[in-house]
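Once you've looked at the hints, dock chain B against the given chain A.
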Amino acid sequence: MKEPYEKPLIKKVQVGLSNKFGSVYGRHLRPEIDGVPISDLVSRFGSPLFVFSERRLREKYRQIYQMFSTRYPNVHFSWSYKTNYLDAICAILHQEGETAEVVSEFEYEKARRLGVPGSEIIFNGPYKPISALKRAVQEGALINIDHFDEIYDLEDIAEELGNSIKVGIRLNMDTGISPQWTRFGFNLESGQALDAAKRIVSGGKLILSGLHCHLGTFLLEPRAYAKAIEKMVDFAYELEDNFGLKIEYLDIGGGFPSRNRLKGIYLSPEIAVPPMEDFAEAICDTLLSKLKPNDFPKLILETGRAIVDEAGFLITTVHASKRLPDGTRSYVVDAGVNILFTAFWYNFKVELEEDIPGPAEPCIIYGPLCMNIDVVAENVQLPPLPRGTRLIFSPVGAYNVTQWMQFIRYRPAVVLVGEDGQVDVIREAETLDDVINRERLPERLVLKMS
Amino acid sequence: MKTTFQSDKKIIQKEIILEEQKLILKKIRSFWGYFRTIANSYSEIFFFENFWLGLLLLAATFIYPNIGLSGLICVLSAYEFARFLGLKKIFRGSGFYTYNPLLVGLSIGYLFKLSLFSFFLIVTAGILTFIITFGLANIFYHFFRLPVLNIPFVLISTAIYLASYKYSNLLFTEFKTWSFLIDVAEHLPIWFLGLTQSLGALLFCPHFIGGLIFLTVIFLASRILFVLAVGGYFLGLLILSFLEGSIYQAASNLGAFNFSLIAMAIGGVFLIPSPKSYILAALSVAISPFLLDASTFFWAQYGIPSFTLPFNVVVLSLLYTLGLAGFPLLASYYRGSPERTLDHYLSYLARFPGTLRTLSLPVAGEWTVWQSFDGSWTHKGIWRYAVDFVITDENGQTYHGDGIYLDDYYCFGKPVLSPVRGRVVSLANDIEDNPPGTVNETQNWGNYVLIYDERGFYVLLAHFRKDSIKVKEGQWVEQGQILGQCGSSGYSPQPHLHVQVQLTPELGAPTQPFSFVHYAVLKHNSLIYKANDIPKEGELVQGLYPDKAMENMMSLVLDQEMTFEFIVNGIPQKQISFKVHMDTDGTYYLAQKHDSLYFNKFEGTFYFLRHDGQAIWFKMLFLALPRMPLVYQKGLVWEDFLPLETFYGRVKRAFYTFLASFNHRLAEIKGIYEFSAPNQIKGKISQGGEEIKTQVILDSLKGFVQEVVLDSKKYKLSLRRLS
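These protein sequence lines map, in sequence, to chains A and B. With full-length UniProt numbering, letter number 296 in the first sequence gets 296, and the count goes up by one each step, no holes. With full-length UniProt numbering, letter number 162 in the second sequence gets 162, and the count goes up by one each step, no holes.
Relax, there's no trap hidden among the hints.
Computed spacing ranges between beta-carbons, pair by pair:
| id | chain 1 | residue 1 | chain 2 | residue 2 | range |
| --- | --- | --- | --- | --- | --- |
| 1 | B | GLU691 | A | LEU432 | 51 to 59 Å |
| 2 | A | LEU432 | B | GLY703 | 53 to 61 Å |
| 3 | A | LYS290 | B | GLU473 | 21 to 29 Å |
| 4 | B | GLN475 | A | TYR152 | 42 to 50 Å |
| 5 | A | SER190 | B | ASP430 | 46 to 54 Å |
| 6 | B | GLN614 | A | SER289 | 51 to 59 Å |
| 7 | B | LYS682 | A | GLU230 | 39 to 47 Å |
| 8 | A | ASN187 | B | GLN475 | 32 to 40 Å |
| 9 | A | ASP234 | B | GLY703 | 24 to 32 Å |
| 10 | B | LYS9 | A | GLY203 | 47 to 55 Å |
| 11 | B | GLY396 | A | GLY203 | 51 to 59 Å |
| 12 | B | LYS9 | A | GLU238 | 54 to 62 Å |
| 13 | A | GLY162 | B | LYS682 | 25 to 33 Å |
Partial selection, computed: residues in chain A whose CB lies under 10 Å from chain B:
| id | residue |
| --- | --- |
| 14 | SER69 |
| 15 | THR99 |
| 16 | ASN163 |
| 17 | GLU281 |
| 18 | ASP295 |
| 19 | LYS298 |
Hints in this document: simulated from the structure, not taken from any laboratory. The beta carbon of each residue, even a glycine, is placed where N, CA and C say it ideally should be.
With the rest of the complex left out, here is chain A:
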């Protein structure tokens, strides 16, 4: 085979900002995903292509579920829809036993359409329109209240329906981490949460039966969760003792990290991200030591990213390569930040379909958009890549297929590799029709061209 011609260049190799750990260089290869060759996937479904692995998804769920359930006897997982609400992904997790955690009427309707009964939906979020709230109440969903206005809304609904409604309230609190997400729920330390509880009890129409909190996102500190649990249990008993109610569940939310590499953190995720076991231990040990004996309120976890992120891959193809004026090698690939939204905060693992010879150097990978911000990866150690080389980005299972947008280009297909190797399209690639179907062109603007 003839070596591709490369213009000779002398350059000092520099690995981003220097750090004392140095860089670990190794070629990462991924010729297949769960036994299905990358080339097969691309030839059948095109590039770019999102690929999810059913096996990895189920395994991860079971692993994490076991970590919690063998440490505390009443654990329930609720699938955070916003992380990934593709029907197939949700269906797998519902099969595994997760309920649905939604934060909008759209997600609520999607879950219901998928066949999740209202009673197995947790409805969170700061904006719940009255009509959505009413439907959720009627269908028996579990509602975690975010603010006082929502208490009033729910009381109105309770009055209208002539029934009491079981509700939870969302708390925010200081657990020693920053930023503190104080914009959601009622603040615990200021006494606002207690006020909310008092308001609910004195209203007489709502039954306070649960506490919810969500500390943040991609948290790397298990002790923050332990602290949160401690404060929630104390608060729950304060409520039970003072108002004679029963707190049936403690919903600790999510925010657990996946094995992804946040920008600005130099350590590899294997070192920087505490194992999930540590979170499970922190939460469950605190529960068992703080709770009264034989009182096991339901522990609800809304972990999204930690379960799905590592099950998702994005296959891209090198479209062009160029040298930047500062000498950095760069590549243009067919997937940009329009579909890989999490590229803004992660340094993904970039893998090659096959080994390519040549010295590796730090490269920058651009997406196909005609926008300066469209940078998919920086400082990736790559050998000289010929056109048409496939790069596989991971983990990309969380937030991308929900936060992606139809910007400039069509969104690609999403496929699922099943447990016995069959590949199913779980979302078709978009076409022009998908984009223009919603558009209406007033008659007077119709272009008259011959």
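The following block gives chain B in isolation, referenced to the frame of chain A:
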């Protein structure tokens, strides 16, 4: 002022009337109890309790008026004597203590003509028989756990017959009965005459009409007893005629009713009706002919019959032996007829397999039973009642990686929760965990916690991780409290948790059976609820903890009243109200008029126990919700076995129970139930060709149920809560 006075007066008058009515009711009730006791003394001879059939038997004894009357006098005198002693309460309408006096009375009537003197003899014999019965029953029960049967009758009647030689002035010269009956008898086949006459002879009416009535009564009361009575007689007759060489001689032996009695007692009364009990019944009949002949011959020396002596000897000795042998089919609770006992036994055994030493699973999440009772490695001999737990993955492995480090094992370091509430008696916490594959042979139990449960037993949990135990000696622990972490100390080649129950506090004491409550078994992707059971080796189990909200929902408070609308095929029929009552033994039941539905909450499960009466709504509740786990778990499935009396009408039930006595599985009515939503339970009951779909909607605000629907091919019944 005046009006209030008047109304006060009215109220007082009303109260007086009410009081009077109550008194009358009370009198009627006590009369009723009186009649029932008397009538049941008759039916008790044939091992059942039934007022009307008892009356029929009473009437039948009057075929010979002299005999019938003296029998009745004797029972009445025994009963009156018991009342005089203040022992009225022991009867409760049962004839248990009075059928011996009855038999004695009948035997006296057979011998003596009724006169002032024989009247005196009957009354005193009645009193004496009662005294002997009452005392002997106590002794037999206390020392041998045996019923007294009719030993008192044999003793007293023998005594009286012996004494009668001195009272020859009272003796009867001839039996008087209605003469037309005698003619008919001459045309009957010998086997029939033999059967009926000897059965009649049991009640001292050795006449085919008497025997025929008795047979009819037995048939009406219980088909199983009928078959046993007839079968027992003919088997005995066959052997007897074979031994004696003459069927005529055998058939004319009036003592042959002993065969029937033996067969009935062994085959259907003291043992659960089953092929095994029938075989034992046949064997007991087979060993009795020579006993009968011997005792007849011996007693005949003194000119008296041997009465029921062979029956008493054979049945009591066999029962005692079976008791010593721990025979599993001994009926611990006779419910008035073999059919009802069988039904109760079948549904009870299938419904409540566990023990009263109930533990909750000492772990959280899904664990695998590595070794259960009578395990193949170490759960043997006196340590056979123990369970070992590990955690496995999808491939059945207990570790990830190579399994060479303790940390590789899934269960290592997982919390161990107290399975009972009690006091920590002793513990060890400083024994090293063994590396995988090695064991500590000197300190078998490793780190352990021994808890005394005040119900009278000790629970030992062993092989804890070193230094992980969080409780102290003498500390009181609640069920579910964290004790420490699972480890691999002691005789433990891989990390696991060992649980056993013992009656003494020493390490290594013999183990005792126990059971786990409120857990689920994972099998083929479904989660099967177990209320009280012992998991088998290899089963994947998950502890469930009762949900407080659900427990509150299924709490029915005394005197609480609820109203339902009864709907058939969508057409409202009537409104019914239930009220919660407590029975004298502390059990609770729902009542509507005379019908009652007993329920109970035990260790996290709500049960309906049984229902009395024929109320369709109570049957509906029972069928739709025979039990309910007090915790919601999506897709949780459970099964229950329904008593035949809940499922079938009278005739069908009689038929099925009779069949079931030959094969117990024929009477298994299995219902399968599932949580289809947090407040909804769907069920399916199938038996034979019939299938009923049930649905219950729970009422989380008012408590208990909101709606019950029973749907079969033929009809759709529903109960809808009104208040």
